[in-house]
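Chemist: Kindly produce the complete structure, drawing on both the sequences and the hints.
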Amino acid sequence: MAYYRPPAKYRWHAGFVAWLLHRITGLLLILYLFLHEWLISSLQSKSSFDSAMAVVSSPLFKLLEIGLWAVVIYHAVNGIRVVFVNFFHAAERSNYNINVWVFWIIAAILFVIGAIPMAKGLFY
Amino acid sequence: MATAIRGFIDRYNGSGKTGAFNWFFQRISGVILLVLIVGHFYIEHFYAPGTIPTYNVVAGRLASLGWKLFDLTFVIFALWHGINGIFEFIDDYVHSNGWRLFLRALFWFVGILYLVLALLTILPFSVPQGGING
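Just so you know, the protein sequences line up as chains A and B, in that order.
Taking the working numbering, the leading residue of the first sequence gets 1, the next gets one more, and so forth.
Taking the working numbering, the leading residue of the second sequence gets 1, the next gets one more, and so forth.
In case anyone wonders, no lab produced these hints; they're calculated from the structure.
Any given hint could be a false lead.
Pulled from the structure, derived: some chain A residues nowhere near chain B, Cβ distances all over 10 Å [unchecked claim]:
(1) Leu21
(2) Leu63
(3) Ala91
Ranges of calculated distance between the beta carbons of each label pair, as one might list FRET restraints [claimed, not checked]:
(4) Lys9/A - Val94/B: 16 to 26 Å
(5) Ala105/B - Leu60/A: 31 to 41 Å
(6) Trp67/B - Val83/A: 25 to 35 Å
(7) Gly39/B - His13/A: 31 to 41 Å
(8) Ile109/A - Val31/B: 12 to 22 Å
(9) Ala52/A - Val116/B: 14 to 24 Å
(10) Val83/A - Ile43/B: 18 to 28 Å
Quick reminder that beta carbons are idealized off the backbone N, C-alpha and C, glycines included.
Modeler: So this is what it looks like as structure tokens:
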């Protein structure tokens with residue numbers, strides 16, 4: 001099977017890292033969606049639902065929930081960057097790398113804003 | 001010349017094989033999902049921090065048509081966006097025609113299965129006896 005093999009090596013500039021993380025977080029999110037919907041749909045009775053919710057309200061799962069928030073917010077904010085790259089000239093030679101960093105900082109700020117109430121939930 | 005152009009049009013116009021619609025709708029669904037995920041995270045994770053979402057609360061919410069529509073819209077867009085993302089992976093990394101066909105068929109099947117599962121899970125909820133706080 002003949003297919004295109006890029007001749008150049010990958011270079012670890014910001015845009016490449018952003019793209020790689022977008023792929024990884026995207027894969028994590030669709031796998032999480034499959035798991036999430038399967039679990040929720042299997043909890044049809046009050047007793048099974050409430051006992052499962054007691055398990056996922058443990059500190060370990062609260063930490064994983066903060067991790068999920070990080071994955072979601074990265075994929076969401078970088079996805080907006082992709083739309084800006086595609087439609088609003090955010091990938092010009094003069095602005096590309098700085099744009100990546102701007103969106104990373106926006107993602108970091110939104111992550112912290114969401115993670116604070118979630119982290120408080122750890123200590124209830 | 002004319003037949004060459006005609007062949008080109010037949011091959012790429014309206015055949016759905018260029019992937020142009022999938023590419024474009026991946027952006028559109030992504031922006032729509034951004035709005036939906038904010039609502040989902042707010043109501044499920046931030047609205048009442050520290051409290052456990054009980055069956056009665058969730059079932060009471062899902063008894064309303066508005067939340068049924070919200071959750072179904074969310075799950076349909078998320079499944080389409082996620083599985084189209086998997087198709088992008090297949091296009092990029094799977095180079096054998098047999099495996100491509102197998103994996104595409106598999107995730108079409110998984111997608112339809114999960115869509116049916118979502119409908120079966122979300123649609124039957126009505127207000128339980130004793131009210132939503134009972």
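Chemist: Please go over all the hints and tell whether each is borne out by the structure.
Modeler: How the hints compare with the structure:
The claim that Leu21/A is not at the interface with chain B holds, since no C-beta of that chain comes within 10 Å of its own (minimum 14 Å). A cut-off of 10 Å between C-beta atoms confirms that Leu63/A is not in contact with chain B; the least separation is 13 Å. Against chain B, the non-interface label of Ala91/A holds: every CB pair exceeds 10 Å, the least being about 14 Å. Between Lys9/A and Val94/B the C-beta distance comes to about 22 Å, which sits within the given range of 16 to 26 Å.
About 37 Å separates the C-beta atoms of Ala105/B and Leu60/A, a value consistent with the hinted range of 31 to 41 Å. The supplied range of 25 to 35 Å is met by Trp67/B and Val83/A, whose beta-carbon atoms lie about 28 Å from each other. Against the hinted window of 31 to 41 Å, the Cβ-Cβ separation of Gly39/B and His13/A comes to about 35 Å, which satisfies the hint. With their beta carbons about 20 Å apart, Ile109/A and Val31/B fall inside the hinted range of 12 to 22 Å.
For Ala52/A and Val116/B, the Cβ-Cβ distance of about 22 Å falls inside the hinted range of 14 to 24 Å, so the restraint holds. About 25 Å separates the C-beta atoms of Val83/A and Ile43/B, a value consistent with the hinted range of 18 to 28 Å.
When each numbered hint is compared with the structure, no violation occurs for any of them.
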